[in-house]
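Based on the hints, put chain B in the right spot on chain A.
Number of protein chains: 2
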Amino acid sequence: MQILAEGTATSPRGFQAAAFACGFKRSGATDLALLVSDSESSGAGVFTRNQLPAAPVVLDRETLSSNSGRLRAVITNSGSANACTGMAGLEDAKEMQRLTAKDLHCDPDQVLVLSTGLIGLRLDMVKLEAGIHETSAALSVDHGAAAAEAIMTTDTRVKQTAVTVELPQGTVTIGGMAKGSGMIHPDMATTLAVLTSDAQVPPAILQKMLGHAVDHSFNRITVDGDTSTNDSVLVLANGASGVRIEDDIELERFGEALDRVCYMLAQQVVHDGEGASRFLTLTVGGAPDEKAALQVARVIATSPLVKTALGGADPNWGRVLAAAGRAGVELDPDRLALWIRNGSASEVQLVDAGQAAEWDEAHVATIMAATEVQMRLELGLGEGSATVWTCDLTEDYVSINTRYRT
Amino acid sequence: MQILAEGTATSPRGFQAAAFACGFKRSGATDLALLVSDSESSGAGVFTRNQLPAAPVVLDRETLSSNSGRLRAVITNSGSANACTGMAGLEDAKEMQRLTAKDLHCDPDQVLVLSTGLIGLRLDMVKLEAGIHETSAALSVDHGAAAAEAIMTTDTRVKQTAVTVELPQGTVTIGGMAKGSGMIHPDMATTLAVLTSDAQVPPAILQKMLGHAVDHSFNRITVDGDTSTNDSVLVLANGASGVRIEDDIELERFGEALDRVCYMLAQQVVHDGEGASRFLTLTVGGAPDEKAALQVARVIATSPLVKTALGGADPNWGRVLAAAGRAGVELDPDRLALWIRNGSASEVQLVDAGQAAEWDEAHVATIMAATEVQMRLELGLGEGSATVWTCDLTEDYVSINTRYRT
Numbered sequence: 001m002q003i004l005a006e007g008t009a010t011s012p013r014g015f016q017a018a019a020f021a022c023g024f025k026r027s028g029a030t031d032l033a034l035l036v037s038d039s040e041s042s043g044a045g046v047f048t049r050n051q052l053p054a055a056p057v058v059l060d061r062e063t064l065s066s067n068s069g070r071l072r073a074v075i076t077n078s079g080s081a082n083a084c085t086g087m088a089g090l091e092d093a094k095e096m097q098r099l100t101a102k103d104l105h106c107d108p109d110q111v112l113v114l115s116t117g118l119i120g121l122r123l124d125m126v127k128l129e130a131g132i133h134e135t136s137a138a139l140s141v142d143h144g145a146a147a148a149e150a151i152m153t154t155d156t157r158v159k160q161t162a163v164t165v166e167l168p169q170g171t172v173t174i175g176g177m178a179k180g181s182g183m184i185h186p187d188m189a190t191t192l193a194v195l196t197s198d199a200q201v202p203p204a205i206l207q208k209m210l211g212h213a214v215d216h217s218f219n220r221i222t223v224d225g226d227t228s229t230n231d232s233v234l235v236l237a238n239g240a241s242g243v244r245i246e247d248d249i250e251l252e253r254f255g256e257a258l259d260r261v262c263y264m265l266a267q268q269v270v271h272d273g274e275g276a277s278r279f280l281t282l283t284v285g286g287a288p289d290e291k292a293a294l295q296v297a298r299v300i301a302t303s304p305l306v307k308t309a310l311g312g313a314d315p316n317w318g319r320v321l322a323a324a325g326r327a328g329v330e331l332d333p334d335r336l337a338l339w340i341r342n343g344s345a346s347e348v349q350l351v352d353a354g355q356a357a358e359w360d361e362a363h364v365a366t367i368m369a370a371t372e373v374q375m376r377l378e379l380g381l382g383e384g385s386a387t388v389w390t391c392d393l394t395e396d397y398v399s400i401n402t403r404y405r406t
Numbered sequence: 001m002q003i004l005a006e007g008t009a010t011s012p013r014g015f016q017a018a019a020f021a022c023g024f025k026r027s028g029a030t031d032l033a034l035l036v037s038d039s040e041s042s043g044a045g046v047f048t049r050n051q052l053p054a055a056p057v058v059l060d061r062e063t064l065s066s067n068s069g070r071l072r073a074v075i076t077n078s079g080s081a082n083a084c085t086g087m088a089g090l091e092d093a094k095e096m097q098r099l100t101a102k103d104l105h106c107d108p109d110q111v112l113v114l115s116t117g118l119i120g121l122r123l124d125m126v127k128l129e130a131g132i133h134e135t136s137a138a139l140s141v142d143h144g145a146a147a148a149e150a151i152m153t154t155d156t157r158v159k160q161t162a163v164t165v166e167l168p169q170g171t172v173t174i175g176g177m178a179k180g181s182g183m184i185h186p187d188m189a190t191t192l193a194v195l196t197s198d199a200q201v202p203p204a205i206l207q208k209m210l211g212h213a214v215d216h217s218f219n220r221i222t223v224d225g226d227t228s229t230n231d232s233v234l235v236l237a238n239g240a241s242g243v244r245i246e247d248d249i250e251l252e253r254f255g256e257a258l259d260r261v262c263y264m265l266a267q268q269v270v271h272d273g274e275g276a277s278r279f280l281t282l283t284v285g286g287a288p289d290e291k292a293a294l295q296v297a298r299v300i301a302t303s304p305l306v307k308t309a310l311g312g313a314d315p316n317w318g319r320v321l322a323a324a325g326r327a328g329v330e331l332d333p334d335r336l337a338l339w340i341r342n343g344s345a346s347e348v349q350l351v352d353a354g355q356a357a358e359w360d361e362a363h364v365a366t367i368m369a370a371t372e373v374q375m376r377l378e379l380g381l382g383e384g385s386a387t388v389w390t391c392d393l394t395e396d397y398v399s400i401n402t403r404y405r406t
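Sequences listed follow chains A and B, in order.
Note that my numbering has the first sequence beginning at 1, numbered continuously upward.
Note that my numbering has the second sequence beginning at 1, numbered continuously upward.
If we strip away everything but chain A, and leave its shape as in the complex, we get (with noise of 0.2 Å):
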């Protein structure tokens, strides 16, 4: 597996993307992403558990449902989330599908309909079919970076990349384009990604897995685990390359790599959280199994206490463990024990046996200075484990997320 330079979204042969700037957005930014596929593909989508699905949700759900094996294209509009807009909203969505499908030359149901921005808003459907006749008309495999682009809300930064592999019978590349501005508490929907693959892939075996790549990239860093009223991933795979994944190697390979672009848009996403200044890899082991290691780790890494604690770089461990004291998990307190560190250098504990170990001040000081910290709660129960990503919650969050208006 090759991490390409510069790689996007058409970085698989065979896609093809265009943006434009509908004025959704009031900044008059690219709102409009429409990513195509030139041939049929097999598509794959992860949504949201929220019990209030976006219309767009509703729809691609029904879309994959019965079309999962010749898709073409993924029209992404960002400024709305055309979430909590009844039968309307669904209506737009679906007539959002329509003018994609006239412009393509394709059925309705060969195109995926993806939304993000304000809960609420209905969708400006005139200045919507006049951005999908413009970005059908401008599609080239160079706007790729564009598309990335106009997903974003208050993404800060573009997040993409894109990997081949090599197999047997030749080379794939996987690309993929995300989007999430509030890592901290995506509770706003914020959270979507495309995926595209020049792989041949039978959509049961993409579904799979892509499931198992969301769930260890995407449902570690979305804290209460895809809540979101909007939250997608989905995947097309085209078969360009002509090479099919189909035997043992094939999947392994193609598997870790789907799992690699996940984890990195994934990472690109808590790197852009809403004022973050500072990141935390935080693993949780020693767990009677893994959903329990998770259980605990999701609740520490959501605490606002950790979270400021982590902002002002303070080694705050009574936080850490008051937060993995509630979290549902029945603990020994004495048998707990935490390490922190940066990058490669040595774990420093912090906590043995539930109580405060005994360390250098200065040397703690500076592994907490640093912009990435690393920390490893062990529960002393067993033998599951599991790791999150999160950032700090800073006064820009909150500025943010104030000012943000409906």
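Hints may be right or wrong, so weigh each one.
Stated by the list, open to error - Which bits of chain B does chain A cover? Going by a derived footprint, with three or more residues having C-beta under 8 Å, they are: (1) 114 to 120; (2) 299 to 312; (3) 346 to 358; (4) 391 to 399.
Hints listed in this document are in silico derivations from the structure and should not be mistaken for laboratory results.
Backbone N, C-alpha and C fix where the C-beta goes; we use that ideal spot for every residue, glycine too.
For chain B alone, coordinates are given in the frame of chain A:
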């Protein structure tokens, strides 16, 4: 029931208090509070469900299980939580109990112990012993407010109240003091409350009543439900009024008054939320049952996006619905309705049938500009209802918790 002007924990007959500055707080403020009943009291307690209970919590549970009928005192220190301090910390808590008992000429198991402050710090027993001597020599019925001040940590205001209740046999008084700074997310174990009464109440009844009162007050503001390492609510009832609580009418009125005192103290805690500038009373109705209503209400009330919108006086109903949608309760999006108001003004409907209602922007802006806002979400599924209280998430909250160092 009547609220006493300037009521404190020593308003009920037969209670005295004292405070002293041992030097646990860097500021030099008082940090030790002793509350004593002149005679033996019934006692009850409700404690954190955190898996890492602090030493005083472990000790008080033990004390109350062996002696809930002849308690004499509660000794409370601030500045150090005596949590995550292992066996040595438990010995410190026991020594704190013994030292207090010695000065009061009673048995150790007649003394309850509370600590609040930083986790992981051992108590300075030399300073503590001196402080216990000082407080036990300075007991007075006039020092209720001083005691309430000594249990504060990042609190900006003293929290105390007292009410009188007329009963057939005579009048009884219930007083109380509380501390709680980080209401927004109290996983640093910062909520303590001590209630007092001159009524005569059997311990088992007192425990049951306290459970009810806490469940409808402190547990409606502690967002993950009693989850810090130190959270404790204690009550002592010494019978000094000569009025025994045993008949239905007495049980009902005394219970209501205890509910009321807990409610008022809990309200004082939420109004002193770290960095808080705006307060939200959130009622979720139409739920399948009360438990489901409470579950939805708590998720909304803890959402950073809802809390930052509240800070920005932004009627961002989309964030409220999105939070409701991830609460783990099955919802019918088309039945959701949301109203806001402030004070006694009439409600304005923001959401009807799961979508934006029509409202007057200027009017809604006036409502949101108030310091106290009420919000009502109807799920349209059943008869379950619950109310919780919360405050906004501000840059000051982040600032306080970033700088509150270990």
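These are the hints, each one checked on the structure:
1. 114 to 120: Holds, because 3 residues of the stretch 114 to 120 of chain B bring their Cβ atoms closer than 8 Å to Cβ atoms of chain A.
2. 299 to 312: It holds: at least three residues are needed, and the stretch 299 to 312 of chain B offers 7 whose Cβ sits within less than 8 Å of chain A.
3. 346 to 358: With 5 residues closer than 8 Å to chain A, the stretch 346 to 358 of chain B meets the three-residue bar; holds.
4. 391 to 399: As far as the stretch 391 to 399 of chain B goes, the hint holds, because 6 residues have Cβ atoms under 8 Å from chain A.
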